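Residue numbers in the sequence shown follow the UniProt record's numbering, run continuously in steps of one, and reach 91 at the last position.
Mixed in with the good hints, there may be bad ones.
The following label-pair restraints were derived from C-beta to C-beta distances [claimed, not checked]:
| hint | residue 1 | residue 2 | range |
| --- | --- | --- | --- |
| 1 | GLN36 | ARG63 | 27 to 35 Å |
| 2 | PRO45 | ASP90 | 34 to 42 Å |
| 3 | ARG64 | VAL85 | 16 to 24 Å |
What the hints contain is simulated information worked out from the structure, not anything from laboratory work.
These figures come from a predicted structure and were not determined experimentally.
Using N, Cα and C, we set each Cβ at its ideal position, and we do this for glycine too.
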Amino acid sequence: MDQLTGFQRDLVYVIAGKDRPSGQEILDDINSYIDQPVTHGRLYPNLDTLVEKELVEKGQLDRRTNYYALTPKGRRVLQRRQEWVDQYVDV
1 MDQLTGFQRD LVYVIAGKDR PSGQEILDDI NSYIDQPVTH GRLYPNLDTL VEKELVEKGQ
61 LDRRTNYYAL TPKGRRVLQR RQEWVDQYVD V
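With the hints as constraints, model all of the structure from the sequences given.
Written out as structure tokens, the structure is:
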């Protein structure tokens with residue numbers, strides 16, 4: 001996770017919290033959190049980067065809609081990140 005941008009880390013958290021969300025679902029969730037609207041042109045290249053890093057898998061729900069899900073590697077990386085955060089932050 002240390003090689004990801006903050007935006008990419010946020011995407012990993014959104015994907016982890018959903019069951020195979022579509023790109024549009026991810027976009028809706030991230031836009032409810034980030035002050036400036038995220039465009040498709042920003043979202044999809046970052047999702048593709050997560051796929052290339054083998055943290056996220058991309059599959060087809062139908063001819064027009066893809067889904068995203070964490071890979072086992074993505075879950076391990078997220079777990080390590082969360083353990084690291086938890087040692088510093090107790091909310």
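How the hints compare with the structure:
1. GLN36 with ARG63: 27 to 35 Å: holds, 31 Å
2. PRO45 with ASP90: 34 to 42 Å: Because 35 Å falls inside the window, the suggested range holds.
3. ARG64 with VAL85: 16 to 24 Å: violated, 36 Å
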